[in-house]
Amino acid sequence: MAAVEADSPTLLDVRDLRIETSQADPADRSQLVKGVSFTVGRGEVLGLIGESGAGKSTIGLATMAYARPGTPISDGEVILDGDNVLDMAPVAVRRLRGQRVAYVAQSAAASFNPALRLGEQIVEPAVIHDVSSAEEGRALAGELYHRLGLPDPDRFGERYPHQVSGGQLQRAMTVMALVCKPDLIVFDEPTTALDVTTQIEVLAAIKDAISDLDTAALYISHDLAVVAQIADSIMVLRYGETVEYGETGQVLHSPREDYTRALVSVRSIGHPGGAAPIPASAPEPVLLMSGITAGYRRGQTILDDVTVAVPPGRTVAVVGESGSGKSTLARVAMGLLPPWAGELRFDGAALTPHLKRRRREELRTLQMIYQMPDVALNPRQEVKEIIGRPLTRFLGLRGRKRMDRVVELLEHIDLDASFADRLPGELSGGQKQRVCIARALAAEPKLIICDEVTSALDPLVADGILELLLRLQREDDLSYLFITHDLATVKVIADDVVVMYQGKVVCQGPRAEVMSPPHDAYTDLLLKSVPEMKLGWLEDVLEGRRMEAAGN
Amino acid sequence: MTRRYPVSVWIGAVIVVLFAFLAAFGPWLAPYGEGQIVGDVWEPLFGTYFLGTDNLGRDMLTRMLYGAQTTVGISLAATTVTFLLGSLLGFLAATAGGAIDQLVSRGVDAILAIPPLIFGLVVLSVMPSSIPILIAVMGVLFAAPVFRVARAVAMDITVMEYVEVARLRGEGPFWVMGREILPNALTPLVAEFGLRFSYTMLFLSALSFLGLGVQPPTADWGGIVKENSAALSFGLVAPLIPAAAIAIMTIGVNLVVDWVLNRTSTLRRGS
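Note that the protein sequences, when read in sequence, are chains A and V. Take the first sequence: its letter number 91 is residue 91 in the working numbering, and every next letter is one higher. Take the second sequence: its letter number 106 is residue 106 in the working numbering, and every next letter is one higher.
It should be emphasised that the hints constitute simulated quantities derived from the structure, not laboratory data. All figures in this text were calculated on a predicted structure; none of them were measured in a lab. Do not take every clue at face value.
As the list claims (entries may be wrong) - Below are the EDC-like pairs computed for lysine to aspartate or glutamate, each with C-alpha atoms no more than 20 Å apart in a straight line:
| no. | chain 1 | residue 1 | chain 2 | residue 2 |
| --- | --- | --- | --- | --- |
| 1 | A | K181 | A | E143 |
| 2 | A | K356 | V | D101 |
| 3 | A | K528 | A | E475 |
| 4 | A | K528 | A | E257 |
| 5 | A | K34 | A | E257 |
| 6 | A | K534 | A | D223 |
| 7 | A | K356 | V | E171 |
| 8 | A | K384 | V | E171 |
| 9 | A | K446 | A | E408 |
Claimed, not checked - In silico contact screen, one side only, chain A against chain V (beta carbon under 7 Å); selected entries:
| no. | residue |
| --- | --- |
| 10 | R29 |
| 11 | M334 |
| 12 | L363 |
| 13 | A376 |
| 14 | N378 |
| 15 | R393 |
| 16 | L468 |
| 17 | V506 |
| 18 | C507 |
Backbone N, C-alpha and C fix where the C-beta goes; we use that ideal spot for every residue, glycine too.
Please work from the sequences and hints to get the whole structure.
Okay, structure coming up:
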């Protein structure tokens with residue numbers, strides 16, 4: 001693997017890093033990181049990318065001489081500015097952390113103490129490490145609030161964590177990392193938990209801040225398009241090994257390895273023949289939700305006069321940020337949350353709003369698939385029981401007939417018959433989601449509501465699930481109500497798109513229409529915020545926004 | 001899973017299995033009859049009689065073996081009642097929620113507010129001290145803490161989407177409780193069962209010691225302590241034998257339970 005030539009002097013040099021689990025018997029140990037080497041120059045950004053379990057975070061933490069309990073660093077060197085941090089005494093390591101190497105975690109909300117003001121927490125590491133006095137720290141932090149575009153920057157530090165949004169907290173954590181003026185910052189998926197519209201702001205803020213302060217960074221993410229905006233070079237990891245390591249442009253435009261090529265071309269599976277043609281005479285929709293107003297508590301309207309129709313054999317994607325009411329819409333359709341006002345119709349007949357009063361036939365024809373397959377499958381039931389139960393319940397199949405149908409369904413979702421005897425714990429994330437799909441199919445439904453079904457999966461696995469859903473739609477003439485925050489997924493799967501914002505539908509229509517200008521302001525913002533797999537996309541978007549702002 | 005069991009678990013398991021065996025077959029193993037007077041009062045250990053004789057000259061080993069059956073048997077029966085009642089109500093409160101949850105939970109709070117020993121004393125001084133009544137009183141008293149555990153565990157499970165899927169399938173409440181919740185709640189409940197069993201045994205022994213539990217001539221460990229308590233003033237060990245049996249059994253059960261609890265929490269952290 002050719003190392004990337006650094007233009008600037010080397011700051012971090014990781015050589016043949018190995019991390020393994022710490023069982024007593026060496027035969028039981030499994031290697032989590034299998035000899036990874038890279039260098040980062042001063043002021044450079046290296047992107048670490050890979051699926052979950054690839055060892056990205058483990059490597060990131062190792063640069064601070066930290067290993068999670070039970071997974072010690074077994075071999076290799078981590079040389080920061082000439083010192084091997086793995087050989088340092090505990091006292092020296094404590095000085096290193098926060099001062100020379102800082103860490104920005106994925107979930108800023110879980111990393112701040114809710115009982116202390118943000119300002120105190122942000123300045124604390126600088127004071128502890130004697131980098132600056134509290135006053136100097138506050139002054140620097142104040143300057144950084146400005147630079148990272150935090151609201152009311154002069155008084156931002158007086159707020160408590162719950163008084164600011166998720167994206168602002170993530171930026172606050174970046175300020176905390178920067179306040180010690182570290183040589184290196186490890187960003188561990190800092191934008192993954194954020195909405196696209198927020199992600200772009202945080203990304204831009206991080207990029208500005210590290211280039212202004214000339215700090216080097218490791219940027220860990222599973223999303224290549226995000227990493228491409230910020231990293232000078234990229235290392236692709238899989239199963240703890242380096243797959244490819246090179247400059248960002250090279251990795252994006254001329255990947256050497258098949259795995260990297262697959263990552264670059266992710267989400268490019270096409271809807272066969274584009275979107276399904278719009279039928280000349282509008283057929284009766286499978287599901288019609290008209291004028292739905294609903295909420296969980298009196299006076300707190302989550303859905304405000306929402307009308308959505310799902311035509312037969314088509315996919316309607318509902319997109320929007322978290323909190324826009326997408327999932328509530330699904331709960332209303334499933335009968336889990338009877339609406340305050342509005343009407344539900346299924347296949348031409350009125351649909352009972354209360355789950356408890358729904359007839360068995362109503363329950364059968366409308367199925368749902370969830371975001372997290374881990375909690376959607378009972379860990380104590382074998383796959384044959386999971387898929388078999390709806391067969392008994394809805395179709396009255398038992399014994400031999402039921403087992404035959406289970407095997408048929410397993411084959412339908414590209415799993416073989418041997419999976420019938422497994423427990424969910426013995427399946428991978430993608431296989432679990434497939435079993436969830438089979439369970440929904442077992443009821444022979446007309447409509448499946450898919451609630452963020454691919455968001456918890458690695459990109460390549462998610463692609464497989466989307467392909468499966470598209471194939472099942474063709475073969476079984478299914479309709480989908482597809483809830484997602486990911487517009488790249490929408491482009492793959494949707495025939496029609498509904499854009500929601502704060503409980504209202506802001507835009508809806510066939511995909512091509514919604515996705516191409518002119519659109520309303522919110523849809524425009526949403527569309528332009530989806531990272532694209534090309535260099536300089538972030539700058540283009542920001543430039544575009546600036547020009548718009550000037551034009552107005 | 002290929003992990004070695006720690007020594008403490010082995011010790012606990014051996015104690016529990018041994019005592020269970022003695023409880024099951026005690027009357028057959030015993031050399032004399034339960035109430036048979038065989039010698040002098042308080043004969044020494046390891047003489048004619050292995051554990052000596054008690055305050056009436058009955059063989060202590062025989063009394064202990066019969067007592068094992070009574071003590072362990074009643075405790076086990078009471079704990080089973082406790083669990084059936086507590087788990088059922090706990091699962092019901094967790095799945096039904098709303099008014100039913102409030103009603104049952106507040107009722108249980110009321111029971112928890114009364115010290116169990118006082119409650120037991122009051123009830124048993126009014127009612128006849130028969131074995132079924134003992135079991136019923138302890139079963140109801142200790143169902144309250146079990147309800148708390150069962151409800152908390154079930155609460156964590158009811159919010160899982162697989163329970164929602166079952167509801168969307170139109171499954172009835174007993175299917176949801178029995179097939180979706182119970183299998184996933186079993187491990188913490190088993191650990192709780194062991195713990196509750198210890199408490200019940202201690203409680204039963206205390207009641208018998210106070211004269212409100214198992215009535216003579218039926219032997220039970222708490223009762224044997226009471227009958228022989230006067231021996232302490234003469235520096236004799238007789239009352240220490242049943243006391244030791246109670247202590248060892250309690251420790252044994254706790255050693256096993258600790259391990260089960262520890263193991264479940266490791267599993268939780270691992271997943």
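Can you name, in rising order, the numbers of the hints this structure does not satisfy?
3, 4, 10, 16, 17 and 18
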